[in-house]
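Those protein sequence lines, which keep their order, are chains C and W.
Following our numbering, the numbering of the first sequence begins with 5 at its first residue and continues without gaps.
Following our numbering, the numbering of the second sequence begins with 5 at its first residue and continues without gaps.
The set of hints was computed from the structure by calculation and includes no laboratory data.
Be a bit skeptical, because a hint or two may be false.
[Claimed, not checked] Calculated cross-link-like contacts (lysine to aspartate or glutamate; reagent style EDC-like; alpha-carbon spacing at most 20 Å):
| id | chain 1 | residue 1 | chain 2 | residue 2 |
| --- | --- | --- | --- | --- |
| 1 | C | K8 | W | E15 |
| 2 | W | K412 | W | E471 |
| 3 | W | K29 | C | D248 |
| 4 | C | K262 | C | E391 |
| 5 | C | K249 | W | D37 |
| 6 | W | K249 | C | D223 |
| 7 | W | K136 | C | D223 |
| 8 | C | K77 | W | D13 |
| 9 | C | K29 | W | D248 |
| 10 | C | K262 | W | D100 |
| 11 | W | K8 | C | E391 |
| 12 | W | K262 | W | D100 |
| 13 | W | K292 | C | D13 |
| 14 | C | K381 | C | E391 |
| 15 | W | K29 | C | E15 |
| 16 | C | K249 | W | D248 |
| 17 | W | K77 | C | D13 |
| 18 | C | K252 | W | D93 |
| 19 | W | K412 | W | E478 |
| 20 | W | K459 | W | D323 |
| 21 | C | K136 | W | D100 |
| 22 | W | K262 | C | D100 |
| 23 | W | K136 | C | D100 |
| 24 | W | K459 | W | D410 |
| 25 | C | K160 | C | D223 |
| 26 | W | K249 | C | E25 |
| 27 | W | K8 | W | E62 |
| 28 | W | K29 | C | D13 |
| 29 | W | K8 | W | E68 |
2 protein chains.
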Amino acid sequence: MEFKARVFDVEQGQNEVALNEQQAKELDLGLLDRVKVRFGKKEVVALVDYSHSVSRGEIGLFREVSDALGVAKGQAVSVESARRPPSLDFIRRKLDGEILSQPEVSAIIEDLMAERLSPAELAAFIVGVYTKGMSTEETVSLTNAIYASGGSLHLKKKPVVSEHSIGGVAGDRCSMLVVPIIASLGLTIPKTCTRAISSAAGSADAMEVFAPVCLSIKDAERVVDKTGGCLIWGGAVNMAAADDKLIKIRNPLRLDPKPLLLSSILAKKKAEGAQYVLLDIPIGRSAKVATVEEARDLAKDFEALGRYLGMQITCSITDGSEPLMDTIGPALEARSVLQTLYGGGSPNLAAKACVMSGVLLSMVRGFTREEGAKIAKHQLESGRALEKFKEIVGAQGGKPDIKPEDIKIGKYVQLVKSKEDGKIAHVDNRNISRICRALGAPTDKQAGLILKVAKGQKIDVGAPLFELYASSREKLDYGLEQLPRFNIVEIERIIIDVV
Amino acid sequence: MEFKARVFDVEQGQNEVALNEQQAKELDLGLLDRVKVRFGKKEVVALVDYSHSVSRGEIGLFREVSDALGVAKGQAVSVESARRPPSLDFIRRKLDGEILSQPEVSAIIEDLMAERLSPAELAAFIVGVYTKGMSTEETVSLTNAIYASGGSLHLKKKPVVSEHSIGGVAGDRCSMLVVPIIASLGLTIPKTCTRAISSAAGSADAMEVFAPVCLSIKDAERVVDKTGGCLIWGGAVNMAAADDKLIKIRNPLRLDPKPLLLSSILAKKKAEGAQYVLLDIPIGRSAKVATVEEARDLAKDFEALGRYLGMQITCSITDGSEPLMDTIGPALEARSVLQTLYGGGSPNLAAKACVMSGVLLSMVRGFTREEGAKIAKHQLESGRALEKFKEIVGAQGGKPDIKPEDIKIGKYVQLVKSKEDGKIAHVDNRNISRICRALGAPTDKQAGLILKVAKGQKIDVGAPLFELYASSREKLDYGLEQLPRFNIVEIERIIIDVV
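Make the full structure from the sequences, and use the hints.
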């Protein structure tokens with residue numbers, strides 16, 4: 005049937021069209037039923053909305069649909085009822101606890117990418133995976149399907165190695181040291197980073213203080229082929245594209261089913277072309293994984309999947325109960341990283357980066373881990389890692405000669421002091437993230453905070469706890485307002501009670 | 005923060021607003037995040053969409069939101085980030101296999117009714133119930149919450165009885181006889197019917213051939229207080245309103261979790277004020293329940309729930325493998341019902357209605373079932389049921405003196421004949437529904453078909469199988485086109501093969 009197009013310039017997050025309610029019902033098209041909309045040789049599948057403002061014979065196209073078809077107002081499009089995508093039956097079978105085959109998992113991810121599944125249908129898939137789990141074979145299929153949904157790097161020099169943290173620790177910018185250390189030793193380490201999702205900064209946000217991180221695949225390959233490393237945003241090269249679509253559904257439900265966590269990370273490592281992968285699993289209160297037992301289980305899963313996917317995977321379990329550096333926020337973290345490369349900065353960061361690099365060197369070069377860590381330390385202390393970092397920054401299009409003091413941080417500063425005596429019992433990653441976001445991070449790179457205390461330290465009334473940084477008075481005030489809701493530093497009094 | 009309103013006259017199926025993408029990101033509002041939108045004293049919670057066509061400082065309100073707030077273009081509305089509804093945590097706990105308390109189940113249904121849950125979040129709830137199940141106590145909570153979400157009847161004369169089929173059998177218009185039979189015996193039987201969801205006609209669609217079925221609660225109470233019965237559409241009196249919202253999500257996934265099936269039906273029976281309920285569970289190929297064992301399990305669940313809800317429930321298990329009448333489609337079924345009340349019509353329908361009425365009479369009046377069925381048969385044969393039916397039709401605002409021959413059916417008729425010799429092996433409920441819908445039913449009341457054969461019957465080449473009815477040449481052609489896809493009559497050849 006032919007309809008006259010109207011264009012609604014609104015993004016719906018999925019393909020949608022609006023039909024006259026009465027006419028849609030006559031055509032037996034229910035709310036959110038699927039239709040094929042065709043214009044010339046182009047065709048999309050869209051979900052049906054009802055609208056009284058759309059007349060009979062008209063169709064309202066939302067932005068995703070009008071963009072995909074290239075239709076302008078008044079042009080005629082043809083509409084027909086679309087069949088239910090077969091992947092809905094596979095989702096249904098997952099809900100019934102069945103094991104899906106590789107083509108079935110692929111069909112789900114392909115329909116997801118082609119916008120053939122509604123948010124409710126995707127939610128059913130995610131919940132199915134959450135409640136029924138996935139076998140190793142299914143998770144491998146999912147990893148391969150997510151990998152195939154996006155771009156990938158093809159690098160000249162092998163072996164390709166990679167390092168990745170499952171995240172959750174404030175100020176953990178290890179990769180920004182591991183990449184130049186490893187690349188300075190002649191290995192290839194193309195690091196695709198994430199931006200902050202719920203934290204104050206991702207490695208992509210911090211690296212962007214030095215250089216552009218949104219590179220095309222071609223440019224990224226050029227940078228890595230030239231320097232041995234890169235620190236770019238994975239989203240820009242559209243790696244594991246299906247993963248981004250799944251995250252949109254997972255976030256409101258706060259559902260992170262293990263098979264999706266595993267496949268999301270490994271699809272990206274596969275897209276980097278990595279043969280040797282070191283995965284860091286930070287544990288502890290306010291980290292993503294609570295206990296060492298859980299971390300060991302997760303590590304076993306990663307290693308088993310690696311064997312199927314042709315990657316040698318080693319997992320490190322580290323203490324993630326507290327921030328790694330005392331500076332949090334994109335610019336503040338970038339400054340500490342650069343200071344550390346210059347020989348000062350954060351001793352915690354330097355130590356962790358060298359140990360992690362040591363594990364990678366033991367995997368690829370056959371050293372012991374201790375020997376590897378020593379070699380890494382030498383690269384850092386001799387300035388070779390700094391030279392390599394500058395080279396990478398330059399190749400990505402940034403300013404290689406930037407000094408720590410050149411990095412701009414928020415001009416509006418407020419020191420927060422302790423109101424009681426006691427001992428620092430806990431410094432909370434999640435609440436630090438919330439306060440930094442209230443101050444404007446990660447969009448505002450200059451926002452963040454500097455911790456003045458660490459766990460276990462004894463303090464008196466009036467001792468400095470942390471300093472907030474913002475780029476306007478209003479943002480600083482807003483951050484201060486939120487402090488009572490989100491406790492950053494927990495203080496344990498020496499006498500808890502006297503009875 | 006204040007925004008200038010624009011109105012997008014498009015129904016989204018949920019509360020949504022569109023913000024300028026850049027501005028939304030600065031405000032840390034992700035796609036589908038929740039905001040509170042306030043105008044004067046009115047407030048709604050809506051999900052955020054991005055739009056480039058909305059300028060900074062503007063907000064696009066979709067129809068549900070602009071209607072709820074009563075905002076016109078250019079007026080200022082205030083927007084603030086809304087907290088995540090706590091019911092999301094309860095949904096999450098159901099996914100983790102926990103048992104929800106009565107207040108937790110109520111919170112989910114209240115948030116559903118207040119549009120505080122997105123389709124993806126509702127899908128998570130439905131899938132959680134599907135994969136993790138619900139205890140009897142949880143199902144009781146759900147029934148009570150769904151009951152409380154809509155209107156209910158308050159009738160003068162007790163006891164109130166009810167009859168209901170879980171559906172799936174073409175031409176099963178039993179209620180249209182049971183209601184006048186039972187009401188003619190002085191009992192109160194307020195029947196709220198459904199419209200067709202996937203079938204050719206619901207009882208509400210067929211009854212509408214005789215009288216209006218969209219009555220207000222007040223009018224429905226008046227009809228029942230006067231005549232002892234009614235046959236109205238449950239949707240119009242807004243009974244179990246939450247159920248309709250859940251169905252919109254369940255349909256595309258074809259998910260019918262048992263606790264939702266149970267609570268959906270029982271919430272409606274509770275809203276009728278029923279004290280004695282007869283539930284019919286048809287079984288067999290192409291019915292909703294396949295085996296007698298499954299039906300017995302379901303019956304036990306219904307009876308157990310009834311005890312908690314203060315209803316005495318009896319279940320009948322009947323053969324639903326084939327259509328009950330040979331006429332399918334709203335007007336064709338209505339005509340057969342009226343003929344049966346006049347003493348002719350469908351012997352199958354008359355027999356089932358009398359047996360069902362007999363069970364109801366045994367529950368309320370202490371007869372044996374056989375005695376009850378005899379009494380019902382007498383009411384039917386003596387014309388008392390017809391008189392009562394006319395009375396109800398008149399009270400609902402229809403024409404009580406309508407004759408079977410007054411009912412209009414499709415003028416475009418096509419007889420379909422057998423192309424082979426053999427025996428009728430199966431007549432398929434689902435495929436009959438699909439063909440009748442292709443012919444225009446249930447919206448077009450005159451569309452449908454008449455079966456000329458029944459299971460087990462031997463036929464020769466050229467024997468009539470069924471007749472299609474449509475109200476236009478085009479619709480008839482479209483129905484004929486669909487015949488090869490949906491096999492209505494399966495014929496078994498006497499010699500299946502000769503080797």
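Hints and how they fare:
1. K8/C x E15/W: Holds. K8/C to E15/W sits at ~19 Å (cutoff 20 Å).
2. K412/W x E471/W: 16 Å, holds
3. K29/W x D248/C: Answer holds: K29/W to D248/C is near 16 Å, not above 20 Å.
4. K262/C x E391/C: 39 Å, violated
5. K249/C x D37/W: Within the cut-off at roughly 15 Å; holds.
6. K249/W x D223/C: 49 Å, violated
7. K136/W x D223/C: Violated, at roughly 49 Å.
8. K77/C x D13/W: 17 Å, holds
9. K29/C x D248/W: Roughly 16 Å between the alpha carbons, so the hint for K29/C and D248/W holds.
10. K262/C x D100/W: 13 Å, holds
11. K8/W x E391/C: Given pair K8/W, E391/C is violated - Cα atoms ~52 Å apart, limit 20 Å.
12. K262/W x D100/W: This hinted pair holds, its Cα atoms lying about 18 Å apart.
13. K292/W x D13/C: Violated. K292/W to D13/C sits at ~43 Å, over the 20 Å cutoff.
14. K381/C x E391/C: Measuring from Cα to Cα gives roughly 14 Å; hence the hint holds.
15. K29/W x E15/C: 14 Å, holds
16. K249/C x D248/W: The hint is violated at about 28 Å.
17. K77/W x D13/C: Answer holds: K77/W to D13/C is near 17 Å, not above 20 Å.
18. K252/C x D93/W: 18 Å, holds
19. K412/W x E478/W: 19 Å, holds
20. K459/W x D323/W: Holds. K459/W to D323/W sits at ~13 Å (cutoff 20 Å).
21. K136/C x D100/W: Measuring from Cα to Cα gives roughly 11 Å; hence the hint holds.
22. K262/W x D100/C: 13 Å, holds
23. K136/W x D100/C: 11 Å, holds
24. K459/W x D410/W: 31 Å, violated
25. K160/C x D223/C: 14 Å, holds
26. K249/W x E25/C: At roughly 17 Å apart (the allowed maximum being 20 Å), E25/C and K249/W satisfy the hint.
27. K8/W x E62/W: Given that 20 Å is the threshold and the Cα spacing comes to 5 Å, the pair holds.
28. K29/W x D13/C: Holds - the C-alpha atoms of D13/C and K29/W are around 18 Å apart, at most 20 Å.
29. K8/W x E68/W: 17 Å, holds
In the structure shown, a violation is registered for the earlier hints numbered 4, 6, 7, 11, 13, 16 and 24, in ascending order.
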